[in-house]
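Work from the hints to combine the two standalone chains into their complex.
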Amino acid sequence: MVDEIAIIGAGMHPWGKWGRNFVEYGVAAISDALTDAAVDYRDIQFVAGADTMRNGYPGYVAGATFAQAMGWTGIPVTSAYGACASGAMAIEAARQRILAGLCDVALVVGADTTPKGFLAPQSGERWTDPDWLRFRLIGATNPTYFGLYARRRIDLYGATEDDFAAVKVKNARHGLNNPYARYRKEYTAEEIMASPIVADPLRLLHICATSDGGAALVLASMDWARAHGHANPVRIKAVSTITPTFPNTVIDMPGFSTDSAAGVPAPERTFKQAIGDAAYAQAGIGPEDINVAEVYDLSSALELDWYEDLGLCEVGGAEQLLRDGDTTIGGRVPVNPSGGLSCFGEAVPAQAIAQVCELTWQLRGEATGRQVDNATAGITANQGLFGHGSAVIVSR
Amino acid sequence: MTHTRVAAIEGWFTLDDEPHLLGTRCSESGTFYFPPETTMSRAPGCSAATLEPVQLSRIGRVWSYTNAGYKPPPPYIAMTDPHVPFVIAAVELIEERIVILGQMVGGVTVDDLAVGDEVEVALDTLHFDDDGNEVVVWKWKPTGRRAEGAQ
Chain A
1 MVDEIAIIGA GMHPWGKWGR NFVEYGVAAI SDALTDAAVD YRDIQFVAGA DTMRNGYPGY
61 VAGATFAQAM GWTGIPVTSA YGACASGAMA IEAARQRILA GLCDVALVVG ADTTPKGFLA
121 PQSGERWTDP DWLRFRLIGA TNPTYFGLYA RRRIDLYGAT EDDFAAVKVK NARHGLNNPY
181 ARYRKEYTAE EIMASPIVAD PLRLLHICAT SDGGAALVLA SMDWARAHGH ANPVRIKAVS
241 TITPTFPNTV IDMPGFSTDS AAGVPAPERT FKQAIGDAAY AQAGIGPEDI NVAEVYDLSS
301 ALELDWYEDL GLCEVGGAEQ LLRDGDTTIG GRVPVNPSGG LSCFGEAVPA QAIAQVCELT
361 WQLRGEATGR QVDNATAGIT ANQGLFGHGS AVIVSR
Chain B
397 MTHTRVAAIE GWFTLDDEPH LLGTRCSESG TFYFPPETTM SRAPGCSAAT LEPVQLSRIG
457 RVWSYTNAGY KPPPPYIAMT DPHVPFVIAA VELIEERIVI LGQMVGGVTV DDLAVGDEVE
517 VALDTLHFDD DGNEVVVWKW KPTGRRAEGA Q
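Chain order of the listed sequences is A and B. Start counting the first sequence at 1; every next residue gets the next number (the working numbering). Start counting the second sequence at 397; every next residue gets the next number (the working numbering).
Derived from the structure by calculation, the hints contain no laboratory data. Hints should not be assumed to be uniformly reliable.
To be verified - Using 27 Å as the maximum straight-line C-alpha spacing, the simulated DSS-like pairs for lysine-lysine come out as follows:
1. A:K116 x A:K17
2. B:K467 x A:K17
3. A:K17 x A:K185
4. A:K116 x B:K467
5. B:K537 x B:K467
6. A:K116 x A:K185
Said to hold, decoys possible - Now the stretches of chain B that chain A is said to cover, found in silico as 3 or more residues with beta-carbon under 8 Å:
7. 428-438
8. 464-476
9. 493-505
Note that the Cβ used here is the ideal one computed from N, Cα and C, for glycine as well.
Pulled out of the complex, with its shape left as it was, chain B reads as follows (with noise of 0.2 Å):
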């Protein structure tokens, strides 16, 4: 059975075979903003800049990571009954200067990782809907190397 691929949320990334996260970019100090923010700057100062629409680094290092030993409470939904707890890292894009929150992968498990480990971004299934669509979401996949520079 084929099922359909939708974004778990519009906007945030893309959905071709090398994904990217979505952002947006301050037209005058060159900060860079995940979540898209669409509204303002938030840099100081910068609040006439206009905020362009730019695809972030696919590649990043692990800041930290941690796991999810109990099953989150709604509006989380649960792939699994009964829960197996999965990883989530928090990931630094080099360029853009930014920590960014997903899952890793599934089958990714803490004893994989270290701080400064090399990631990059990948869809993978968040549930499946009503209609049996699957619904996927950004998450964070090793890459097998440690990033340039990592401590």
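With the rest of the complex left out, here is chain A (with noise of 0.2 Å):
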């Protein structure tokens, strides 16, 4: 087990389409953050930023970004990148920091602006780059990996288009009351089924959009917490950015191909079952402990793919926990509470760091509008490309 850290502020920019620059999104929620931890930042010690490749250099360096935004004042900085996985890191980058000691404060942003329509790979010609000549060989989008992933559920796990819906309807319904999500709206199953298909079996309304946001968390170490006046504060007990084992043998964005497994025999535990696993060991604790989860719902079926993966169920009962309502809020382990990417759209630095936000809200009683009774334990996970893993556990 590692030591635990606090978390002693959250804020967030709400979720948009606002067009304007990610750094004042970033600074909106950095602002909120200090605000809800009662600090100056010329307190902070220490900024990790997580970054945005869509922005320009200051996206490449957010670290020195925000630093400069808020005022320099001569602390050390970090930027993360991992892709969807970014804010994770920034997060264990500030994590470390105070666990060893060389700080006791210090501020995790991350911001985004982004561009309509599909995610696409960097112009020019780059017949070296595998995202690139995905795109130009195959026409394979992020959604053809989220309908590949979707279509194994039906034909191995009885999954059902109406079990796709009900994910949705979910996330929906949860995420109507939260301020910081940028579809509240509810929607009927029907609708969901009237959309048009994307990469089937997905549909429009299954795939999440491309957002803008920015979200921010002031992290200290457990004695310097208590001694400003945090006694009891949301901590954050394990920070897993783990990478995959050789073989990798389930294809993720943005490969041609899995690993072959002809050499070196497979691992018994996927990717994304690893990322949870390795949270859960460090915490010391296991998936019966978790009464909250927000998970990447980048379709709603990858959503039933993270309860396995998670241990929230066994492999192939997720469909059963969705129709129980277990991880509807009043259920048993309710996911995605905040309405998930369903009600946000991805702003990809952000989203990680929104996802820790959101568990602090909820283990604090104050997810206003989408409170889960007594939630003590919260998990959160993602997969950035390229083999980021990523998921945060936090306890109060």
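Structural data, given as structure tokens:
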């Protein structure tokens, strides 16, 4: 088990398609997190920024960009990039610095401004870049991979279109009163099933949008938190930022293939299962201790995969867990009480941080309109392009 | 009008009547690579191994499949306007224990497929280039059989 650190402040800028500079969203989130923590920015000793690739140079050096925006104070910074897992990497950078005794209180921030439509690769002729080649040679978009996973659920586990729609209906209801959510609208299963097919069996309303947004956390050592008025803060018990183990036998974006298992036997647990395993091992708790989860529902069907990968049910049991209402607020282990990516759309560098903001509010009992009763332990999960795991376990 | 056939990418597949995907094989672990890995075997402990060029099995079974309901963004080059949905399959080669993506040949729809169906490698048009050449790429074509051991 690893020592805990405290989450003393959480803040977000509402998700949307605002079209403004990403720095603005990040600064708004930072201000809210600092107010929440009752900490002056000049007392922050370290800034970890999660990078965005879409906003020019300032996006690649997010730590410095936000440190400059807040007014230089001479403190060290870092900038982390791990695609969708960037936020978890930034949290981990701050946590390591705190646990190493190199600082007492740190700021983590991520923000993005996104273009409309499919996420496309960088422009130019990039014949050695698999992300470019998959579009050129196959026309494989991100939803292509989500469609492959969803079809496996149908053909192997008996998932139905009704199940995928039920995930969307649930998450839309969860997010209805979340002031940070971009989409706050209820959907019926009929509306969802009337939306056009994007990547069979997935329809437009099953697939998350890309959004603008920003999220920030103020993290501190337990001693510093207690000495500064936070007697019983939400704690981070684990951060999992693992990579796959060779051979990775489940096809991942943006690859053309899996690793071959002809030479080296496949590991017992898949990469996504291992992401949760590593977090549980670090926290010294198991899936049975979890009362709330925020998982990456890039598609409705992918949320079902996460139920199994995080051990909330056995493999092949996700549809039953959903149908029993266990993952709805009021159920045994509500999943995506924030509304998830379904209600937010993805703001890549902010999203993993936003997941932790939501669990912080849930564990404090401050998630008005979407509160999970008596939540004491929660897990976040996502997976970033090119082999980046991301899971955070918090408790109170 | 006849078109000269050119490969969409060099060294990933053969252009003969019974086309093969081209890969490499780690001399120490026996791990296969597609696209062909030429720098170093990624199998742990095999960095000193040599990578031998190999033709991969022509037949595989469908691991999963989906389609492109919307036209993919560039650098994809659309063949048709308006867009006609095409099917993409992830296919497992049994001997190589590897799953490889590819479009299904034209005319196949998702209703024609199930996980476990047997398919073979075929060449099909990806697009026509500015010189009028037919740019071909590997695609998967149903054999009409269920693969052995398919679930």
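Outcome of the hint check:
About 9 Å separates the Cα atoms of K116 (chain A) and K17 (chain A), which keeps this hinted pair within 27 Å; it holds. For the given pair, K467 (chain B) sits about 23 Å from K17 (chain A) by alpha-carbon distance, which is consistent with the 27 Å threshold. Our distance criterion of 27 Å between C-alpha atoms is met by K17 (chain A) and K185 (chain A), whose separation comes to about 16 Å. Using a Cα cut-off of 27 Å, the hinted pair K116 (chain A) and K467 (chain B) holds, with the two alpha carbons roughly 14 Å apart.
Simply put, K537 (chain B) and K467 (chain B) have alpha-carbon atoms about 22 Å apart, close enough for the 27 Å limit, and the pair holds. Distance hint between K116 (chain A) and K185 (chain A) is fulfilled; the C-alpha atoms sit about 20 Å from each other, no more than 27 Å. Remark: the region 428-438 of chain B is confirmed as covered by chain A, as 5 of its residues place a Cβ nearer than 8 Å to a Cβ of that chain, reaching the required three. By the rule of at least three residues with a Cβ nearer than 8 Å to a Cβ of chain A, the coverage given for the region 464-476 of chain B holds, with 9 such residues.
For the region 493-505 of chain B, the proposed coverage by chain A is satisfied: 7 residues have a C-beta within less than 8 Å of a C-beta in that chain, meeting the threshold of three.
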